[in-house]
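Novice: These protein sequence lines map, in sequence, to chains A and B. Mapping of the first sequence onto my numbering: residues 1 to 109, in sequence order. Mapping of the second sequence onto my numbering: residues 1001 to 1110, in sequence order.
Bear in mind the hints are in silico, worked out from the structure with no lab data behind them. Positions of the beta carbon are idealized from the N, C-alpha and C atoms, including for glycine. Some clues are possibly wrong.
Residues on chain B that point at chain A, a partial pick, calculated with CB under 8 angstroms [unchecked claim]: (1) Val-1030; (2) Ser-1043; (3) Met-1046; (4) Ser-1049; (5) Phe-1051; (6) Pro-1092; (7) Val-1098; (8) Phe-1100.
Not the full set, but computed from the structure, chain A residues with beta-carbon under 7 angstroms of chain B [stated by the list, open to error]: (9) Glu-30; (10) Thr-31; (11) Pro-39; (12) Gly-42; (13) Leu-43; (14) Gln-98; (15) Phe-100; (16) Pro-102.
Dumping the calculated DMTMM-like pairs for lysine to aspartate or glutamate here, alpha-carbon to alpha-carbon at most 20 angstroms [stated by the list, open to error]: (17) B:Lys-1045 / A:Glu-97; (18) B:Lys-1045 / A:Asp-1; (19) A:Lys-70 / A:Asp-59.
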Amino acid sequence: DMKVTQMPRYLIKRMGENVLLECGQDMSHETMYWYRQDPGLGLQLIYISYDVDSNSEGDIPKGYRVSRKKREHFSLILDSAKTNQTSVYFCAAPGDEQYFGPGTRLTVL
Amino acid sequence: QQKVQQSPESLIVPEGGMASLNCTSSDRNVDYFWWYRQHSGKSPKMLMSIFSNGEKEEGRFTVHLNKASLHTSLHIRDSQPSDSALYLCAAPSNTDKVVFGTGTRLQVSP
């Protein structure tokens, strides 16, 4: 099975600070995803990456940007974080299913 | 935009009972689904997938698919407290995307 890692697992930031969430995968798969999960809203797709420097907006990209310079790594960046970006963020990569990382719980105060 | 609707939002069943969860897609091109299970504080993990019309059984879990009605259901027999979790239904969309429902939260009471 593919392994997807995420760092950090927990993060507390103040409004206006920059946030960097990191994701890694061990199968060199071309496609990777970033989701956020909020109670009652399910998993919402933020960005999808089809390969290095080939990224596409998902359903809720506003306030986020991504970077993919190596196939194994996919970063999610929040420039000037907002309180409504408090959420659990999951990175995922496809195989026979979507393989999810363990998640990052971000709190923006 | 494709939607995946799940019902009920929450469900309580007694230990040993049967849990039945439902899922429907709004996209007429969808012809297969995944079911994921997410325990509290953990990430979603695929439970079962179904690609053909009819029924698929794995242990205590049975999934049904009706492609004509774009409907799938998950049934858990002899429910155990360890089955308590959020169950997410997912369907493929275009351009390698996957659309998830908002989930059914199952609680199995001892």
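Novice: Decide, hint by hint, whether the structure agrees.
Specialist: Here is what the structure says about each hint:
The interface hint given for B:Val-1030 is violated, since its Cβ lies 16 angstroms from the closest Cβ of chain A, which is over the 8 angstroms cut-off. The interface hint given for B:Ser-1043 holds, since its Cβ lies 4 angstroms from the closest Cβ of chain A, which is under the 8 angstroms cut-off. At a threshold of 8 angstroms, the smallest CB-CB gap from B:Met-1046 to chain A is about 4 angstroms, leaving the interface hint in force. Restraint check, B:Ser-1049 versus chain A: the minimum CB separation of about 7 angstroms is within 8 angstroms; hint holds.
For B:Phe-1051, the suggested interface contact is broken, since its CB lies about 11 angstroms from the closest CB of chain A, more than 8 angstroms. The closest approach between the C-beta of B:Pro-1092 and any C-beta of chain A is roughly 10 angstroms, which is over the 8 angstroms cut-off, so the hint fails. Given the 8 angstroms rule on beta carbons, the hint for B:Val-1098 holds: about 6 angstroms separates it from the nearest Cβ of chain A. The beta carbon of B:Phe-1100 comes within 4 angstroms of a beta carbon in chain A, closer than 8 angstroms, and the hint placing it at the interface holds.
The beta carbon of A:Glu-30 is not positioned within 7 angstroms of any beta carbon in chain B (closest approach about 9 angstroms), and the interface hint is therefore violated. Restraint check, A:Thr-31 versus chain B: the minimum CB separation of about 5 angstroms is within 7 angstroms; hint holds. Annotation: interface hint on A:Pro-39 violated; nearest CB of chain B at approximately 9 angstroms, more than 7 angstroms. With 7 angstroms as the threshold, the beta carbon of A:Gly-42 comes within range of chain B, its nearest partner Cβ sitting at about 4 angstroms, so the hint holds.
About 4 angstroms separates the beta-carbon of A:Leu-43 from the nearest beta-carbon of chain B, less than 7 angstroms, and the hint is met. For A:Gln-98, the interface hint holds, since its Cβ comes within 7 angstroms of a Cβ in chain B; the closest pair sits about 6 angstroms apart. Because the closest C-beta pair between A:Phe-100 and chain B is about 4 angstroms apart, less than 7 angstroms, the hint holds. Evaluation of the A:Pro-102 hint against chain B yields a held restraint, the C-beta minimum of about 5 angstroms falling below 7 angstroms.
At roughly 9 angstroms between alpha-carbon atoms, B:Lys-1045 and A:Glu-97 fall within 20 angstroms of each other, so this suggested pair holds. Our distance criterion of 20 angstroms between C-alpha atoms is met by B:Lys-1045 and A:Asp-1, whose separation comes to about 12 angstroms. Between A:Lys-70 and A:Asp-59 the CA atoms are separated by roughly 24 angstroms; this puts the pair beyond 20 angstroms, and the hint is violated.
The structure shown violates the earlier hints numbered 1, 5, 6, 9, 11, 19.
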